[in-house]
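Chains as they are written, first to last, in the numbering used here: chain A, 1 to 445; chain B, 1001 to 1158.
Since the hints were derived computationally from the structure, they do not count as laboratory data.
Hints should not be assumed to be uniformly reliable.
[Unchecked claim] Computed cross-link-like contacts, BS3-like style, restricted to lysine-lysine with a CA-CA straight-line distance of at most 25 Å:
id: 1; chain 1: A; residue 1: Lys-188; chain 2: B; residue 2: Lys-1080
id: 2; chain 1: A; residue 1: Lys-407; chain 2: B; residue 2: Lys-1082
id: 3; chain 1: A; residue 1: Lys-332; chain 2: B; residue 2: Lys-1135
id: 4; chain 1: A; residue 1: Lys-403; chain 2: B; residue 2: Lys-1060
id: 5; chain 1: A; residue 1: Lys-80; chain 2: A; residue 2: Lys-119
id: 6; chain 1: B; residue 1: Lys-1080; chain 2: B; residue 2: Lys-1124
id: 7; chain 1: B; residue 1: Lys-1080; chain 2: A; residue 2: Lys-431
id: 8; chain 1: A; residue 1: Lys-87; chain 2: A; residue 2: Lys-56
As the structure is a computational prediction, the values presented were derived from the model and not from experiment.
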Amino acid sequence: MKKIFLAFIIYFISLSSLKALIEVDITRGNLDPLPIAVSPLHVDIKSEEYEGLKIKELGSNISAIIENNFKSTGLFNPLKKDAFVQKPDIAHLKPRFEDWRLIKAQALVTGKLLVKDGKLKVEFRLWDLAAAKEMTALAFTTTPSNWRRVAHIISDKIYERLTGEEGYFDTRIIYVSESGLKSERIKKLAIMDQDGANTKYLTLGNELVLTPRFNPTNQMVTYLSYFRNMPRVYLLDIETGMQEVVGNFPGMTFAPRFSPDGKKIIMSFAEDGNSDIYTMDLETRVVERITNHSSIDTSPSFSPDGKYIVFNSDRSGLQQIYVMRSDGSSVKRITFGSGIYGTPVWSPRGDLIAFTKVRKGRFYIGVMRADGSGERLLTENFYQEAPSWSPNGRVLVFYRETKSGSKGEGFSATLWSIDITGYNERKLKTKTDASDPSWSSLLSK
Amino acid sequence: MTLKTNLKNILLVVFTTLILSACSTAKKSGSLDGDVYTGKETVKYLASGVPDRVFFATNKTSLTTASRATLRKQATFLRKNKKLNVTIEGHADERGTREYNLALGERRANAAKDYLMTYGISGKRISTISYGKEKPVNPASSALAWSQNRRSVTVKVN
């Protein structure tokens, strides 16, 4: 697991222009994605074999991952390679801009790689074809087995250069893998790269597990496990596999999330049937009660500055969303629309709160401002819930369940993502049925 | 004018059909009062004449008259079997968010537990657990299935 955190040696080759020439507008749903050509990375002929890696194909495999990442944003349109007009190594030195413009590309990515002495050296350049200029260039050295991450980091750098916002490709998604009959589901914690590669299972499926959530500052996870038939919030270190119960509560704890600094867990504890919100400091083990109300208080989520908590309560009769100070004071209801509201989760940027809404038997994923104004419903379905933010606050991942027949047939649970503009809804590839996704922060940050 | 009358007639027909079909489903299952399940299809018994479960309305955790009658039977049974301990499992249907459903199941289990306690059963003999929407007894996506899944079930543990 150390590999994940292996330092990438990154240095700028040059910084020719600070001002982005091409700019991708990501504030609206992008109906006109930017045509981009991703040339296969040139593989240096001096490259050596490395532990079963297909070195010759490494250049085109990396560029394929970059293209797939770009495509998934809906903001870019990676062009077909058969129209490419220049060899990768020549293009990387100095593209013939007019030729690339002919195939309607506006941006070009070139690169080369060398595998030598057990190390992978990669460099890439991003070119603005209209302005005939290099926009950015970077080089990395890492272990060759990290090649997929290299592709994601390159994708992030290019995304950042073209949109002005942080990327989200070098990230992972933890979720609950589901199998078996609907009434006897087997659930395991699973983790994968955001593009669906490298699926790993973290539990065996012996006990029910639900709602895993990443620590925003590291690779720790908190989740609910029915280990020994006692539903409790657990803490899992996905590097070492070590896990422990969070706190010593005499009843069910659930709906856990980390505080933005990663030092506390906020969750619900059900005492004599009534769920209230508590925090536990992971270092000092101090438990604090945040709400004390005879209604159900659950699904808490901190604002990114840690000053506020948004949560779900039925104190007005049905499920609505409330905001309070992090000490539990100044509770204020923020949803008043028709229908019921659940699973609020604060955007890492702080500007929006994502939620699930149920109205007239249909389920919606939506976003609104932190005061409840400006509600926008992004997607409607038979059943969907539990949005989780990409680390840059641009994309939501959530899960959807289908309607099933009289014996439970036709049931499925799948992960989906949607841009906060409401465009670009996509099904995520998972090896099994899946639910309860949580998006990690950038691994290389 | 004629169009309007026609439409009216069509609406009437549709309406009557709806009522008829509603009656027929309700009759067929014979088993919904509002949206609370009143049938016996999924019910098991702790002993002869002692049903193991009670049902709830959507998003509700209050006990119906029928539920209270069932729980009184359970209380009588538990008073007679003094060494018996039970777990009450609380459940929700699949039409809510997962976390809220966990809380809802917990409340339903505790509503049943509290009622047993008012009939003299020691709280020490009763544990509770919520499964939220995780363990449907009927896996269908239908109003009937959902009503059967909104339940708390008393299970013998020894």
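Comparing the hints with the structure gives:
no., hint, in the structure
1, Lys-188/A / Lys-1080/B, "violated, 42 Å"
2, Lys-407/A / Lys-1082/B, "violated, 39 Å"
3, Lys-332/A / Lys-1135/B, "violated, 34 Å"
4, Lys-403/A / Lys-1060/B, "holds, 23 Å"
5, Lys-80/A / Lys-119/A, "violated, 30 Å"
6, Lys-1080/B / Lys-1124/B, "holds, 16 Å"
7, Lys-1080/B / Lys-431/A, "violated, 52 Å"
8, Lys-87/A / Lys-56/A, "holds, 15 Å"
The earlier numbered hints that this structure contradicts are 1, 2, 3, 5, 7.
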